[in-house]
Structures are given as C-alpha cells and as structure tokens.
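Participant: Can you build the whole structure from these sequences, using the hints too?
2 protein chains.
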Amino acid sequence: MKKIEQRLTENGVRPTAMRLLIYKYLAEKEVAISLTDIEAAFAKAERTTLYRTLRTFEEKKIVHQIDDGTGIQKYALCEPGCDCNLEQDLHLHFLCNNCDETVCLTEHKIPHINLPEGFVAEDANLVLKGICDKCSGQ
Amino acid sequence: MKKIEQRLTENGVRPTAMRLLIYKYLAEKEVAISLTDIEAAFAKAERTTLYRTLRTFEEKKIVHQIDDGTGIQKYALCEPGCDCNLEQDLHLHFLCNNCDETVCLTEHKIPHINLPEGFVAEDANLVLKGICDKCSGQ
DNA sequence: GACAATAATGCACTTCCGTTGCATAGGTCA
DNA sequence: TGACCTATGCAACGGAAGTGCATTATTGTC
Ligand SMILES: [Mn+2]
Ligand SMILES: [Mn+2]
Ligand SMILES: [Zn+2]
Ligand SMILES: [Zn+2]
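Just so you know, the protein sequences line up as chains A and B, in that order.
Residue 1 is where the first sequence starts when you use our numbering, and the numbers rise one by one after that.
Residue 1 is where the second sequence starts when you use our numbering, and the numbers rise one by one after that.
Certain hints may be false.
Straight-line distance between alpha carbons at most 30 Å, and here's what the computed DSSO-like set of lysine-lysine pairs gives [stated by the list, open to error]:
| id | chain 1 | residue 1 | chain 2 | residue 2 |
| --- | --- | --- | --- | --- |
| 1 | B | Lys129 | A | Lys129 |
| 2 | B | Lys3 | B | Lys29 |
| 3 | A | Lys2 | A | Lys61 |
| 4 | B | Lys2 | B | Lys24 |
| 5 | B | Lys2 | B | Lys60 |
| 6 | A | Lys109 | B | Lys109 |
| 7 | B | Lys29 | B | Lys129 |
| 8 | A | Lys134 | A | Lys24 |
| 9 | A | Lys3 | A | Lys29 |
| 10 | B | Lys134 | A | Lys109 |
| 11 | A | Lys129 | B | Lys109 |
| 12 | B | Lys24 | B | Lys129 |
| 13 | A | Lys61 | B | Lys129 |
| 14 | B | Lys29 | B | Lys44 |
| 15 | A | Lys24 | A | Lys109 |
| 16 | B | Lys61 | B | Lys29 |
| 17 | B | Lys129 | A | Lys109 |
| 18 | A | Lys60 | B | Lys129 |
| 19 | A | Lys129 | A | Lys24 |
| 20 | A | Lys134 | B | Lys109 |
| 21 | B | Lys61 | B | Lys44 |
| 22 | B | Lys61 | A | Lys129 |
| 23 | A | Lys24 | A | Lys44 |
| 24 | B | Lys60 | A | Lys129 |
| 25 | A | Lys44 | A | Lys61 |
Derived CB-CB ranges, DEER-like [as the list claims (entries may be wrong)]:
| id | chain 1 | residue 1 | chain 2 | residue 2 | range |
| --- | --- | --- | --- | --- | --- |
| 26 | A | Gly118 | B | Pro80 | 21 to 31 Å |
| 27 | B | Thr16 | A | Lys29 | 45 to 55 Å |
| 28 | A | Lys24 | B | Thr36 | 38 to 48 Å |
Beyond 12 Å from chain B on every Cβ pair, some chain A residues (computed) [unchecked claim]:
| id | residue |
| --- | --- |
| 29 | Glu5 |
| 30 | Asp37 |
| 31 | Ala45 |
| 32 | Thr48 |
| 33 | Thr56 |
Hints are computed from structural coordinates only; laboratory data are not their basis.
The C-beta atom is built at its ideal place from N, Cα and C for all residues, glycine as well.
Facilitator: Right, dumping it as structure tokens:
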C-alpha cells in the first residue's frame, strides 16, 4: 500500500483513501475495467468520484483508456515508465467473445503501417476479438 | 439508380425509395457516415427508419459498421463481393484529427498478428488516427 | 381489382453511459 | 485558527443506441 501511495505521489496525484483503493482494485484484476465494474465493486462510492478518479489517473498516466469496440470505456494500469502516447508503447488489446473480458497484450506492440501519400498517423488502436486463453479450454 | 436497385435486390433487401436514397448518399460520400449524418441529410425522415435501414444494410452485407473510437457508430459501403467477417476483407480505418472524418483504406488489410498460446482471433479492428490526405496540405 | 399477408415506416418512449454544475467536506499551509 | 485549494457527493443533463406498437405501404393470391 505504501508502494501505491508512492506511485500516485510520483505522478502528481494525491493519495486519498478512495484513490488507493481504486488503484489496488485495478492492480489485482489483470483485465481492463469499466466504470460500471468499479461502481459495482465499490457499492458505497459515488459514481462521479470514481469517474473523476479514472480521468485523473488517465491524465497523470497512471492508467490508459481502452476502446475495445463494445462502446464501453475501459481502463488498465500503465506499465511503469510507459507513455501511452508514444508509438512504442501502443500495444494491442484482446476482447474475448466468450467471457467478455478485455486484456492488455503489452508485449504485442502495434506493427508499423505504411499509409498512402498524405496520411500522417499520430495514434493507433488495434483490438483483436476471439477466444482468450482462459476460455479456449487450456 | 437502376444499379442500386439491383444491388439491393441481389442482397435480399427490398428497394424502397428511402433505401435507394440512403444507398445513393453513402455512395456519393467517400467517407464513413454516422446515423446523425444521415439524419441531418434527410431532415424529413424518421431517425428510426434510418437506423433500421442501416442495420438491415449491415445484416445483408451492403455496408459494414466502423468503430473508429469516437463512440459513434459509422457505416460505409462494402466493396462488391466483400464478406466483412473474413480476415481477408478486414481493412484498416483512418480517423482524421483535423476534419474528423473517417475513411476506409480498403487496400490496407490488417496484418496477421501472432498471439500468445491459447488466444484465438476471430475478428480484428485497426484504427489509425492522425491527419488525412486532404488536411495534410497536399 | 379486392383481399389478406407481410414488410416498412413513424412516433413515443426507454436505457445506458458519459459528462457537467454546484454545493459541501476534507486536507494543507501560513 | 483561518484562508485556500482539492476531493467528494448529489443532482441533473445530453447524446446515441435501441424497443414496442400502431399505421401505412407493398406484395402475392384469388
Ligand atoms: Mn492496454
Ligand atoms: Mn471500411
Ligand atoms: Zn475469455
Ligand atoms: Zn482530415
């Protein structure tokens, strides 16, 4: 818990009780988390507070937002030292059609794509959908 | 217009006046179109009708849906003979940060990705964001 | 053409999720 | 302690997708 506190402080986020809990929750789950997920997990907390906490975390590069195509925004902790805006830190995400969970595949960077004349890429999002390792009956 | 009528009929969609107009609209624009776009273009039409028309078109493989990360669903005509579910027909999409338009880059297929053990991919979505050819001052 | 069956359209309403405004509580520092 | 800033709580809004049901149009049959 001390470590979490330090992590938040380093990134310029005051370590309130709520924030520590949310960080801890994100760290324990190894999948991407939606606002609704957190809301369910912290029943007595205010939706807005959770929402703003996630936004603050995102601004301060503690989490990155994931758009997996479900229409629901999800979040996952950033790797230490990651800058989600840099091409080198853009990894792909995998959404399981069976368990409906989204995971970061941080080892799998998005390959560089050659675009037609005149197109300049600044950001990229790659989502694969299918059956995850847990569900594929391993 | 006869051609459009034929295209719809071939795909098992009855060519009503509204549907012909919507198809024509999609064909003229060379960018991905949202329901709101169509609603604006056909001010006197019902949103539900437009909504259901797009959904019918999608089911019958006349258009494909595009999730460009804006949270707004967009649609574009399929290439003739394309089956959007097949890996070979999955192309990337480009969202311009300047003009906010999304285009299909049908020539650019999504590269095959090697996944970790146990993951089975069935579908993929790749969106690049940046500056499009029209906006890059060509 | 008249009729029944089927499909498309129009209208009202709902739900879900993200987002904002503003008042209050809490923590920080002089 | 008091002034100040930040975080939290409460309420309400807004956009977009989606649904139920009545009405209108189209089709095929006699
Ligand atoms: Mn990730
Ligand atoms: Mn496309
Ligand atoms: Zn799974
Ligand atoms: Zn542009």
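Participant: All hints, please: hold or fail.
Facilitator: These are the hints, each one checked on the structure:
A distance of roughly 20 Å separates the Cα atoms of lysine 129/B and lysine 129/A; the hinted pair therefore holds under the 30 Å criterion. At roughly 17 Å between alpha-carbon atoms, lysine 3/B and lysine 29/B fall within 30 Å of each other, so this suggested pair holds. Between lysine 2/A and lysine 61/A the CA atoms are separated by roughly 19 Å; this keeps the pair inside 30 Å, and the hint holds. With a C-alpha separation of about 11 Å, the suggested pair lysine 2/B and lysine 24/B falls inside the 30 Å cut-off, and the hint holds.
At roughly 19 Å between alpha-carbon atoms, lysine 2/B and lysine 60/B fall within 30 Å of each other, so this suggested pair holds. Between lysine 109/A and lysine 109/B the alpha-carbon distance is near 17 Å, which keeps this suggested pair within the 30 Å criterion. Straight-line distance between C-alpha atoms of lysine 29/B and lysine 129/B comes to about 20 Å, which keeps the hinted pair within the 30 Å bound. Among the hinted pairs, lysine 134/A with lysine 24/A is consistent with the structure: their alpha-carbon atoms are about 23 Å apart, no more than 30 Å.
Taking the CA atoms of lysine 3/A and lysine 29/A, the gap is about 17 Å. The hint holds against a cut of 30 Å. Note on lysine 134/B and lysine 109/A: the hinted pairing holds, with a Cα-Cα distance of about 28 Å set against a maximum of 30 Å. The suggested pairing of lysine 129/A with lysine 109/B holds, with an alpha-carbon distance near 16 Å, which does not exceed 30 Å. A distance of roughly 27 Å separates the Cα atoms of lysine 24/B and lysine 129/B; the hinted pair therefore holds under the 30 Å criterion.
A threshold of 30 Å between alpha carbons decides the hint, and for lysine 61/A with lysine 129/B the separation of about 20 Å falls inside it, so the pair holds. About 20 Å separates the Cα atoms of lysine 29/B and lysine 44/B, which keeps this hinted pair within 30 Å; it holds. Restraint check: the Cα-Cα separation between lysine 24/A and lysine 109/A comes to about 26 Å, which is no more than 30 Å; the hinted pair holds. Annotation: proposed proximity of lysine 61/B to lysine 29/B holds, straight-line Cα distance about 18 Å (limit 30 Å).
Proximity of lysine 129/B to lysine 109/A is assessed by CA-CA distance (about 16 Å); at most 30 Å being required, the pair is judged to hold. Annotation: proposed proximity of lysine 60/A to lysine 129/B holds, straight-line Cα distance about 22 Å (limit 30 Å). Taken as a hint, the lysine 129/A and lysine 24/A pair is honoured in the structure, with Cα atoms around 27 Å apart against an allowance of 30 Å. Between lysine 134/A and lysine 109/B the alpha-carbon distance is near 28 Å, which keeps this suggested pair within the 30 Å criterion.
This hinted pair checks out: lysine 61/B and lysine 44/B have alpha carbons roughly 26 Å apart, not beyond 30 Å. For the proposed pair lysine 61/B and lysine 129/A, the alpha carbon gap of about 20 Å is at most 30 Å, so the pair holds. Simply put, lysine 24/A and lysine 44/A have alpha-carbon atoms about 17 Å apart, close enough for the 30 Å limit, and the pair holds. Between the alpha carbons of lysine 60/B and lysine 129/A the distance comes to roughly 22 Å, so the proposed pair stays at or under 30 Å and holds.
With a CA separation close to 26 Å, the supplied pair lysine 44/A and lysine 61/A stays within the 30 Å bound. Here the CB-CB span from glycine 118/A to proline 80/B is close to 26 Å, well matched to the stated 21 to 31 Å. Taken as a hint, the range 45 to 55 Å holds for the pair threonine 16/B and lysine 29/A, whose Cβ atoms sit roughly 48 Å apart. Checked against the given bound of 38 to 48 Å, the beta carbons of lysine 24/A and threonine 36/B, roughly 40 Å apart, stay inside it.
Taking the minimum C-beta to C-beta distance to chain B, about 33 Å, the non-interface status of glutamate 5/A holds against the 12 Å cut. At the 12 Å boundary, the C-beta of aspartate 37/A stays outside the reach of chain B, the nearest C-beta of that chain being 18 Å off. Interface exclusion of alanine 45/A from chain B stands, the closest Cβ pair being 25 Å apart, more than 12 Å. The beta carbon of threonine 48/A sits about 19 Å from the closest Cβ of chain B, which is more than 12 Å, so the claim that it is off the interface holds.
Its beta-carbon lying about 21 Å from the closest one in chain B, threonine 56/A satisfies the requirement of being farther than 12 Å from that chain.
Comparing the model with each numbered hint stated earlier shows that all of them hold.
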